[in-house]
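Got chain A; can you put chain B on it based on the hints?
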Amino acid sequence: MLFRSKSSFVNVSLGTNPINTSKSGYEFLIDFHNRCSLYRDKKVLIDFSGLTWISGNMVALLQAIMYKLIVENKIEWYVEVEVINNKFPFLNSNGFIDPNNNALRSAVQLQSFNPEEDQRFFKYINEHLLGHDALDRVDSELKNNLILHFLEIFTNVEKHARTDYPLFACGQYFPLKKQLHFSLVDLGCGYLDAIRTYTHGKVDTAEKAIFWSLEEGNSTKADAPGGLGLKELRSFCDKNSCRFQIITDGAFWNNYSDKTRTASPFVGSQVNIVFDINKF
Amino acid sequence: MSESIINIKLFLEKDTLILHSDGLKLYEEIQSRTAQGVETIILSFDGVLLATTAFLNACLGKYLTDQSKVALEISDVNETIVQSKIDLVRKNASSKVGGDEHDSRSSSFLDG
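These protein sequence lines are chains A and B, in that order.
Take the first sequence: its position 21, counting from 1, is numbered 21 in our numbering, and each next residue is one higher.
Numbers given in our numbering equal positions in the second sequence, counted from 1, plus 1000.
For the record, the hints were derived by calculation from the structure and aren't laboratory data.
Mixed in with the good hints there might be a few duds.
Here are some chain B residues pointing at chain A (derived, C-beta under 7 angstroms) [said to hold, decoys possible]: (1) 1052; (2) 1065; (3) 1067.
Straight-line alpha carbon distances no greater than 20 angstroms define the calculated PhoX-like cross-link-like pairs of lysine-lysine that follow [as the list claims (entries may be wrong)]: (4) 221(A) <-> 231(A); (5) 231(A) <-> 208(A); (6) 43(A) <-> 74(A); (7) 259(A) <-> 208(A); (8) 1069(B) <-> 1096(B); (9) 143(A) <-> 259(A); (10) 1096(B) <-> 221(A); (11) 1025(B) <-> 1009(B); (12) 143(A) <-> 178(A); (13) 221(A) <-> 1091(B); (14) 221(A) <-> 239(A); (15) 42(A) <-> 23(A); (16) 259(A) <-> 231(A); (17) 1096(B) <-> 231(A); (18) 1025(B) <-> 1014(B); (19) 1025(B) <-> 221(A); (20) 68(A) <-> 43(A); (21) 1009(B) <-> 123(A); (22) 231(A) <-> 1091(B); (23) 178(A) <-> 239(A); (24) 123(A) <-> 1014(B).
Positions of the beta carbon are idealized from the N, C-alpha and C atoms, including for glycine.
In isolation and in its complexed conformation, chain A is listed as follows (with noise of 0.2 angstroms):
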């Protein structure tokens, strides 16, 4: 798609600071979309010219921004493919650059799934993130495990988030580190809308929400019992060393402090893990 003038364009920063799987990283990414969300109806080019990293897996909050703004603004997305395929090509490969696309601004193709897409999404886990070579090593019996907890998320969104829009999921393995980041992101209704009412307003912040979620046997669901995913992935970080965080209305929460610290808000929630395969 070719456009006579740049003017045509609004250039939207996504800022110089390193996106990582951390707090920092989400704010970041938050202050892009609050930013962006002063637009309505325009074509935004989204700029890293002055980004010094991201990781692929906070692409799924990025790609969940874009989504939500397509509808709510009637925004129109673009990027410089070049200046991404310089200074970030795992982005073609992680799906957020359609890598066909060999043109210098690019409608950016997303990533997503619907709650129900269960068999498309663990295709996923299990050829594009678990099937990492450096994973090779890997016990068979562990890495069930961990698609098992992958999974155990996604199921989150389809029983809790009670959201039309779909989820999104990006993974990226880092060889030198011999690290596994996955975060998978929903735009739903958050934790706390559904936990203070199932419970009748005793847990009535973001943070009881959160540690009501983790605990075992919690869970809102009216039709069956629950509440053992998010506990038993916690279980599971704590064990191995795996980092394990919860962002939702406003609140973010580590497995290694267990404690949560005041987020800036978003719609729906977020759950990054970072595995360190050393440890495995």
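Relative to the frame of chain A, chain B by itself:
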């Protein structure tokens, strides 16, 4: 005593059992066959590779907490990881119905 076998993989056409909604579908099938007079349902996990607790809670966990009248048997669990999740769901659901409550149903799932 009439019994009926449900091969889960064939019923759902999936060997990786993930969704809460699929668990409910299986539970509804159990209820449907019970309504037709079946007294024992055998759930065959033959060919099932993975099962989430979300799925298992929606069928097995729900069976336990809803005090369904039919007897439930589990068979052909060939993957250790599936068995471990079934055990976890059984324990979680049992804690919700109360440890002291005697369950008069005869069931390999209940006995573990």
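Do the hints match the structure? See the list:
1. The beta carbon of residue 1052(B) comes within 5 angstroms of a beta carbon in chain A, closer than 7 angstroms, and the hint placing it at the interface holds.
2. For the restraint placing residue 1065(B) at the interface with chain A, the shortest Cβ-Cβ distance is roughly 5 angstroms, inside the 7 angstroms limit, so the hint holds.
3. The beta carbon of residue 1067(B) is not positioned within 7 angstroms of any beta carbon in chain A (closest approach about 13 angstroms), and the interface hint is therefore violated.
4. At most 20 angstroms may separate the alpha-carbon atoms for a hinted pair to count; residue 221(A) and residue 231(A) meet this at roughly 16 angstroms.
5. Annotation: proposed proximity of residue 231(A) to residue 208(A) holds, straight-line Cα distance about 15 angstroms (limit 20 angstroms).
6. For the suggested pair residue 43(A) and residue 74(A), the alpha carbons sit about 9 angstroms apart, so the restraint of at most 20 angstroms is met.
7. Of the pairs offered as hints, the one joining residue 259(A) and residue 208(A) holds, with about 10 angstroms between alpha carbons and a cut-off of 20 angstroms not exceeded.
8. Restraint check for residue 1069(B) and residue 1096(B): the C-alpha separation of about 18 angstroms stays at or below 20 angstroms, so the hint holds.
9. Annotation: proposed proximity of residue 143(A) to residue 259(A) is violated, straight-line Cα distance about 29 angstroms (limit 20 angstroms).
10. Under the criterion of a C-alpha separation no larger than 20 angstroms, the hint pairing residue 1096(B) with residue 221(A) is consistent with the structure, at around 13 angstroms.
11. Distance check on the hinted pair: residue 1025(B) and residue 1009(B) sit about 13 angstroms apart at the alpha-carbon level, within 20 angstroms; holds.
12. Restraint check: the Cα-Cα separation between residue 143(A) and residue 178(A) comes to about 15 angstroms, which is no more than 20 angstroms; the hinted pair holds.
13. Using a Cα cut-off of 20 angstroms, the hinted pair residue 221(A) and residue 1091(B) holds, with the two alpha carbons roughly 18 angstroms apart.
14. In summary, the hint linking residue 221(A) to residue 239(A) is not supported, as the alpha carbons are separated by about 28 angstroms, beyond the 20 angstroms threshold.
15. The suggested pairing of residue 42(A) with residue 23(A) is violated, with an alpha-carbon distance near 29 angstroms, which exceeds 20 angstroms.
16. Distance hint between residue 259(A) and residue 231(A) is fulfilled; the C-alpha atoms sit about 16 angstroms from each other, no more than 20 angstroms.
17. Restraint check for residue 1096(B) and residue 231(A): the C-alpha separation of about 17 angstroms stays at or below 20 angstroms, so the hint holds.
18. Restraint check: the Cα-Cα separation between residue 1025(B) and residue 1014(B) comes to about 13 angstroms, which is no more than 20 angstroms; the hinted pair holds.
19. This hinted pair checks out: residue 1025(B) and residue 221(A) have alpha carbons roughly 16 angstroms apart, not beyond 20 angstroms.
20. About 15 angstroms separates the Cα atoms of residue 68(A) and residue 43(A), which keeps this hinted pair within 20 angstroms; it holds.
21. Using a Cα cut-off of 20 angstroms, the hinted pair residue 1009(B) and residue 123(A) holds, with the two alpha carbons roughly 17 angstroms apart.
22. Restraint check for residue 231(A) and residue 1091(B): the C-alpha separation of about 14 angstroms stays at or below 20 angstroms, so the hint holds.
23. The hinted pair formed by residue 178(A) and residue 239(A) meets the criterion: a straight-line CA distance of about 18 angstroms does not exceed 20 angstroms.
24. With a CA separation close to 12 angstroms, the supplied pair residue 123(A) and residue 1014(B) stays within the 20 angstroms bound.
Comparing the model with each numbered hint stated earlier shows that hints 3, 9, 14, 15 do not hold.
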